[in-house]
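Chemist: These are the residues of each chain, in order.
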Amino acid sequence: MLTFEKLEQIRQENSNLNQNGTRVVVGMATCGMAAGAKAVFDFLKQEIETRGLTGITLVPSGCIGTCSLEPIVDVYVPGQEKVTYIQVTPEKAQKIIEEHLINNRIVDEFAKKLEFSNQVRIALRNCGIINPEDINEYIARDGYQALAKVLREMTPQELIDEIKKSGLRGRGGAGFPTGTKWSFATSSSGQKYVCCNADEGDPGAYMDRSILEGDPHSVLEAMAIAGYAIGSNQGYIYVRAEYPVAVKRLEIAIKQARETGLLGENILGTGFSFDIELRLGAGAFVCGEETALMTSIEGKRGEPRPRPPFPAVKGLFGRPTILNNVETLANIPPIILNGADWFAGIGTERSKGTKVFALVGKVNNIGLIEVPMGTTLRTVIEKIGGGIAGGKKFKAAQTGGPSGGCIPAEHIDTPIEYETLIELGSMMGSGGMIVMDENNCMVDVARFFLEFTVDESCGKCAPCRIGTKRMLELLEKICNNEGEEGDIEALENLARTIKAGALCALGQTAPNPILSTLRYFREEYDAHIKDRRCPAGICQAFMHYVINQEKCTKCHICARNCPTKAIIGKPKEKHTIDDNLCIKCGLCVTKCPQKAIEKTHKN
Amino acid sequence: METSICACKSEKFKQLERIIAVHKGRPGSLIPVMHEAQELFGYLPLDVQAAIAEGLDVPLADVYGVATFYSKFTLQPKGKYQINVCLGTACYVKGSQLILDKIAEMLNISVGETTADGIFSLDATRCIGACGMAPVMTINDQVYGQLTVESAEKVIQEYLLKTGRDVNVNI
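If you read the sequences in order, they're chains G and L.
Residue 704 in the working numbering sits at position 561 of the first sequence; the count goes up by one each step and never skips.
Residue 647 in the working numbering sits at position 140 of the second sequence; the count goes up by one each step and never skips.
FYI, nobody ran anything at the bench for these hints, they're computed from the structure.
Do not rely on the hints blindly, as some may be mistaken.
[As the list claims (entries may be wrong)] Below, a list of computed lysine-lysine pairs in the DSBU-like style, where the Cα atoms sit at most 35 Å apart:
| id | chain 1 | residue 1 | chain 2 | residue 2 |
| --- | --- | --- | --- | --- |
| 1 | G | K642 | L | K579 |
| 2 | G | K181 | L | K585 |
| 3 | G | K697 | L | K661 |
| 4 | L | K587 | G | K188 |
| 5 | G | K443 | L | K519 |
| 6 | G | K708 | L | K661 |
| 7 | G | K308 | G | K149 |
| 8 | G | K238 | G | K443 |
| 9 | L | K521 | G | K398 |
| 10 | L | K661 | G | K734 |
| 11 | G | K235 | L | K669 |
| 12 | G | K225 | G | K255 |
| 13 | G | K717 | G | K745 |
| 14 | G | K443 | L | K521 |
| 15 | G | K742 | G | K708 |
| 16 | G | K391 | L | K579 |
Isolated chain G, as found in the complex (with noise of 0.2 Å):
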């Protein structure tokens, strides 16, 4: 049985991650790998055997958060500061390994500082820096020491009253205080359930893929933690099959924590038992909310049933559950060791701590972020995001997924607290920030985020299924030139009766990209129906593609490519496009060798 000394003694022996001489670390996350961090890897391991070099641990971590610079090679020498590889192939890693590893000269063309000014990582504090397959990685990094306080020192009642007065709030988007949501489960008692919500479905997001990928215990032993708090001896991580990465990462992690003794039964000897199973969602965007969630637990359509009663009363198998999100549940452990105060010193009066993003779309630092609650929009974009790509001008930024909302450039000063996007229209959302500018339509924005809700409605309640359907035709209409006058009037109205009337969290907030952005943008709501224009030219309907005489050179490859002969003219003859036979499949704009051929406004 592991005890709180052997405990101490793993994290001792391990406290120096460079104790085996130099360490070499790949990023390999999911975006990582996207990025060839695998080939990376591999290499460096094939040459590290072949030279036969010693003294050099090769590890994998997860994601260090600057996305657009991976693969990312961090090399530790001891005694020397951490040099940072980035975009590195195989080819730059063999240079690496010839100057860097064996001639101790840093190889600064491919190196690079990595700037991570205005953050402070909290629920991050370990991705991209420990082995997420390694346990004693953790341990050194003062892992599972949290739970090992709460057991020896705390009493369940104290424990939630520290994360209460820490102002935890859920991450998870709704900003639900943590330490209250635990209170609710603790009067009654008999079997209770502990689960982590990982089905992480907004487009756009992916903070807790991250979490899972770089530092799977740090989730683990936040729910042992909320299992003391309430009284559970059971957790279930309901996981996205789309993340197969976080999936195999937490696997190896419970078999760990299990072979250790840090889940199961009698834990450090404290008689406080507890096991985590997993549960594998299946590609349905409701089952993020979490009565649905639970009902896909238990094995069936992952439908929402109405509230209350709610989980922390019955829940999961009709048992009190309480239900956290990944980066929410990730922010525990240091809450404990560091103290409530500590805690809820970062952030603003109403919105304690940091909050991860994903920072994406047309910005030039794509990544994700932790930032303390109440930094401003202009910062996030400007300052951490480096600004919009290609010099264009910032439009808006999306967050809350296809619950949320638009913020325009005109709020960029606003800082970044679930009351405050609230306000603006939008919402925290689980993280994800999308960047747009100029050249996104709005309209267009929200037909996207419609057709998405369409396509998750669970069916279960009329309002959602038939109301946000109905939606979605009014903005293809308006998108497809057909718009109205009366349209947009009737596309509030639907919206003000689905929210109103929806069961559950994704019909209630399903209209709000339509009124976000009709609440910033309606004059492009307008441009549409009235001037018969999309202003940002991303709607086909509203565009025509025109051949620029001045650069065609007639030599008939548009015509021959295109599928529908819609370009009359013969071989050196002037070629013109017919408007009514073009689809817009934009095949000729790919083939002219001459880039003559130009998408513009109809009107």
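Keeping the supplied structure of chain G fixed, place chain L upon it in accordance with the hints.
Modeler: Just chain L now, kept in the frame of chain G:
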């Protein structure tokens, strides 16, 4: 339902029995069994659903209900190469719809379909969380990031060549 089951198929059904035996009696075992069954058979035809229903002692209607509720479960066989183009927001705003359209055109199938020879299937997928690499697509387990219409076209052409098909080059 088929009356004569080939040897390999009956072997798979035996494996399915073993999968069911592992999960049976545990709470909420239906979906985990269906995941493993789909992994084994590639899809969930009616006879597989019936075997699951019988093995776990749940109504076939429940199995069918779950199979049709979740998009990951498929009642039709998928291609040898499953192409998934991400239509998550980050990919969409960076033009992944154009990539999807292009691939559909190249393979001459619609989204959600499989080529007649069973080699390729094409789907639009929900966000796979590689937004930093947007736009992305996956072909089986391989992830391709920072795509353009041209680079995606190239990737597909490589697969077409690999599978000995004609590459439709117009010029």
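Chemist: For each hint, tell me whether it holds in the structure or not.
Modeler: Here is what the structure says about each hint:
1. G:K642 x L:K579: Satisfied, since the Cα-Cα distance of roughly 29 Å is no more than 35 Å.
2. G:K181 x L:K585: Holds, at roughly 26 Å.
3. G:K697 x L:K661: The given pair, whose Cα atoms are some 27 Å apart, holds under the 35 Å limit.
4. L:K587 x G:K188: Holds, at roughly 31 Å.
5. G:K443 x L:K519: Between K443 of chain G and K519 of chain L the Cα gap is close to 25 Å, so the pair holds against 35 Å.
6. G:K708 x L:K661: 25 Å, holds
7. G:K308 x G:K149: Holds - the C-alpha atoms of K149 of chain G and K308 of chain G are around 31 Å apart, at most 35 Å.
8. G:K238 x G:K443: 54 Å, violated
9. L:K521 x G:K398: 28 Å, holds
10. L:K661 x G:K734: The hint holds at about 15 Å.
11. G:K235 x L:K669: 29 Å, holds
12. G:K225 x G:K255: 11 Å, holds
13. G:K717 x G:K745: At roughly 21 Å apart (the allowed maximum being 35 Å), K745 of chain G and K717 of chain G satisfy the hint.
14. G:K443 x L:K521: Measuring from Cα to Cα gives roughly 25 Å; hence the hint holds.
15. G:K742 x G:K708: 18 Å, holds
16. G:K391 x L:K579: Cα-Cα ~18 Å, so holds.
When each numbered hint is compared with the structure, a violation occurs for hint 8 only.
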